[in-house]
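**Student:** Sequence:
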Amino acid sequence: MSTNSVGNSASNLAAMIQELRSENEQLRASMQQLQGGTSMKALPPQSFDGNPRALQSFITQVRQYHKANEGQLKYWGEKVANASSYLKGDALHWFEPFIRDYSTHTKKEDMKQATQDIYAGMNAFEEAIKGAFGDVDEERQNERKILQLKQTGQPLNTPRSFDS
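All residue numbers for the sequence shown refer to this note's numbering, where the first residue is 165 and numbers rise by one.
Treat the hints as calculated values from the structure; they're not laboratory data. We put the CB at the ideal spot given by N, CA and C, even for glycine. Watch out, some of these pointers could steer you wrong.
Said to hold, decoys possible - SDA-like, lysine to any residue: derived pairs with alpha carbons at most 25 Å apart:
1) 294 x 281
2) 252 x 227
3) 276 x 263
4) 238 x 210
5) 238 x 276
6) 294 x 225
7) 252 x 286
8) 231 x 276
9) 271 x 281
10) 252 x 225
11) 231 x 281
12) 231 x 192
13) 238 x 211
14) 294 x 192
15) 252 x 223
Unchecked claim - Simulated restraints on C-beta separations:
16) 190 x 238: 54 to 60 Å
17) 316 x 296: 53 to 59 Å
18) 273 x 174: 29 to 35 Å
19) 294 x 273: 26 to 32 Å
20) 301 x 249: 27 to 33 Å
21) 253 x 318: 45 to 51 Å
22) 253 x 304: 25 to 31 Å
23) 174 x 236: 39 to 45 Å
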């Protein structure tokens with residue numbers, strides 16, 4: 165083999181190696197973007213059984229879990245399907261007709277309108293679950309709590325005069 169052909173082979177190999185390295189970097193960047201950037205670990209939400217006192221915690225845990233797994237839950241209905249997989253008891257009984265409709269139809273156009281609406285996004289799911297299990301009179305209950313507040317002792321830094 166001549167020295168010239170060995171030199172050409174070596175330079176061809178070096179060029180191919182550089183091309184593969186570049187392609188590898190691009191694939192890693194694409195993969196990281198699909199996975200939502202940095203990989204944050206979040207525990208799956210605890211199951212929700214319909215207890216109104218646990219509803220907001222459930223919603224917060226679901227949001228955190230979805231944020232950590234954004235790259236994996238990107239198609240229509242996937243986030244709601246994931247959230248509904250953590251329902252049990254009364255909450256599952258309430259949502260089961262939607263799950264059945266969603267899971268038995270491959271096209272969303274074939275689903276009932278109510279199912280399409282609730283699977284359209286997490287905001288619709290949250291509104292629906294709050295409507296079913298949230299505190300019906302949350303605002304009035306909070307007003308009552310404010311009215312029941314009482315001062316139980318002397319303020320520590322009471323101004324002695326209001327001179328300016």
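**Student:** Kindly confirm whether 45 to 51 Å is satisfied by the beta carbon distance between residue 253 and residue 318.
**Tutor:** holds, 48 Å
**Student:** Given the hinted pair residue 238 and residue 276, is their alpha-carbon gap at most 25 Å?
**Tutor:** holds, 22 Å
**Student:** Can the restraint linking residue 294 and residue 225 be considered satisfied, given a maximum Cα separation of 25 Å?
**Tutor:** Holds - the C-alpha atoms of residue 225 and residue 294 are around 15 Å apart, at most 25 Å.
**Student:** Please verify whether residue 294 and residue 281 have alpha carbons no more than 25 Å apart.
**Tutor:** holds, 15 Å
**Student:** Compare the distance between the alpha carbons of residue 231 and residue 276 with 25 Å, and conclude whether the hinted pair is satisfied.
**Tutor:** The hint is violated at about 28 Å.
**Student:** Next pair to validate is residue 238 with residue 210; report whether the Cα-Cα distance is within 25 Å.
**Tutor:** holds, 22 Å
**Student:** CA of residue 238 to CA of residue 211, is that 25 Å or under?
**Tutor:** holds, 22 Å
**Student:** Holds or violated: residue 231 with residue 192, Cα cutoff 25 Å?
**Tutor:** Holds - the C-alpha atoms of residue 192 and residue 231 are around 20 Å apart, at most 25 Å.
**Student:** Given the hint of 29 to 35 Å, is the C-beta distance from residue 273 to residue 174 inside that range or not?
**Tutor:** With Cβ atoms ~59 Å apart, the hint is violated.
**Student:** Has the given pair, residue 294 with residue 192, been kept, meaning a C-alpha gap of at most 25 Å?
**Tutor:** violated, 40 Å
**Student:** Taking 25 Å as the top limit, are the C-alpha atoms of residue 231 and residue 281 close enough?
**Tutor:** Status holds; Cα separation ~22 Å.
**Student:** If I claimed the Cβ atoms of residue 301 and residue 249 lie 27 to 33 Å apart, would that claim hold in this structure?
**Tutor:** Holds - the Cβ-Cβ distance for residue 301 and residue 249, about 30 Å, lies within 27 to 33 Å.
Of the numbered hints listed earlier, those contradicted by the structure are 8, 14, 16, 17, 18.
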